[in-house]
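One line per chain: the protein sequences are E and A, in this order.
At position 34 of the first sequence (counting the first as 1) the number is 1462 in our numbering, and the numbers step up by one without a gap.
At position 172 of the second sequence (counting the first as 1) the number is 173 in our numbering, and the numbers step up by one without a gap.
Derived by calculation from the structure, the hints in this document are not laboratory data.
Be a bit skeptical, because a hint or two may be false.
Label pairs and their in silico Cβ distance ranges [to be verified]:
no., chain 1, residue 1, chain 2, residue 2, range
1, A, Met32, E, Ala1452, 39 to 45 Å
2, E, Gly1446, A, Asp42, 20 to 26 Å
3, E, Gly1459, A, Ser134, 34 to 40 Å
4, A, Gln125, E, Asp1476, 40 to 46 Å
5, E, Leu1490, A, Gly161, 55 to 61 Å
6, E, Lys1468, A, Glu39, 32 to 38 Å
Virtual Cβ for every residue (Gly too), placed ideally from N, Cα, C.
Given next are the chains, with one letter for each unit.
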Amino acid sequence: MKARVFVTLKPGVLDPQGKAIHHALEGLGFGGVQDVRAGKLIELDLADDTSDDEIADMCRKLLANTVIENFRIERLADA
Amino acid sequence: MKSAVLVFPGSNCDRDLAVAIEQVTGRAPAMVWHRDSELPDGTDFIAIPGGFSYGDYLRSGAMAARSPIMGAVAEAANRGVPVLGICNGFQVLTEAGLLPGALMRNAGLHFVCRSVGLTVENSQSIFTSTYQSGEDISIPVAHHDGNFQADAETLDRLEGEGRVAFRYTGDVNGSARSIAGILNGQGNVLGMMPHPERALETAHGNTDGRRLFEGLLEAVA
Chain E
1429 MKARVFVTLK PGVLDPQGKA IHHALEGLGF GGVQDVRAGK LIELDLADDT
1479 SDDEIADMCR KLLANTVIEN FRIERLADA
Chain A
2 MKSAVLVFPG SNCDRDLAVA IEQVTGRAPA MVWHRDSELP DGTDFIAIPG
52 GFSYGDYLRS GAMAARSPIM GAVAEAANRG VPVLGICNGF QVLTEAGLLP
102 GALMRNAGLH FVCRSVGLTV ENSQSIFTST YQSGEDISIP VAHHDGNFQA
152 DAETLDRLEG EGRVAFRYTG DVNGSARSIA GILNGQGNVL GMMPHPERAL
202 ETAHGNTDGR RLFEGLLEAV A
């Protein structure tokens, strides 16, 4: 079973990397970009009986720093 | 004083820190590998060095904070043993939950490597007793992720409880309220981005960092 964990900065937390990407996009001539936030995608290959709680526990204990980051888990049905 | 310096894969200030501790205390620290699960008996000072533990993978300090030795460090910290985390060591302490907040990418995105001005905010701690409150000192920084952030309530608490040990005199990395170093509630854990071990002798430019180790020696010995 595969799962994806999306780790994103909490709203309001300044994202210097997102800001730099934003500036670079503008430099390439892309108008209309209003904001950019950069995050992480972590792909997990898991035993089939891994529970949602267990994945959330992995996020809280290591994959995300919940002081500054949120996480979202997406289970992939068939992969 | 019986000191221990932790060593993670990717630590690179561990030897400088050991030299500093030996010069000031007269006793070489034990170098403790991250896979160990116990500190040497009678350890009365733990130092977590700068560097790039685990290549800064995932987040700076994230992997190191979960390594076997950190259980022993947390236990010692709870018993009141002084713990000093410098640069990556500060990142490890926040990731381990021994200090609040988080250290994010510098606001200017640049790696900052230079001497910076600091104001000593609290001279009552075991780490800062040789300084005067409000004194300006100069200590080098060298980091990419030194932008200290915490929610407003945590920042207010840190300020209210006198737990801001050092503040930058100018903008260095975008840190909330220019915070350069903080103490835990008990006052025995200090995390700081500047490197006191790099301001130890006159050849370094100044000896403002040496006084931190001297004060600690006085407090512990």
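These are the hints, each one checked on the structure:
1. A:Met32 with E:Ala1452: 39 to 45 Å: holds (43 Å)
2. E:Gly1446 with A:Asp42: 20 to 26 Å: Taking Cβ atoms as reference, glycine 1446 of chain E and aspartate 42 of chain A lie about 48 Å apart, which means the hint is violated.
3. E:Gly1459 with A:Ser134: 34 to 40 Å: violated (51 Å)
4. A:Gln125 with E:Asp1476: 40 to 46 Å: Once the Cβ atoms are compared, 56 Å apart, the range 40 to 46 Å for aspartate 1476 of chain E and glutamine 125 of chain A is violated.
5. E:Leu1490 with A:Gly161: 55 to 61 Å: Given about 31 Å between the Cβ atoms, the range is violated.
6. E:Lys1468 with A:Glu39: 32 to 38 Å: For glutamate 39 of chain A against lysine 1468 of chain E, whose Cβ atoms are near 34 Å apart, the range 32 to 38 Å holds.
Taken one by one, the earlier hints fail for this structure at numbers 2, 3, 4, 5, listed in ascending order.
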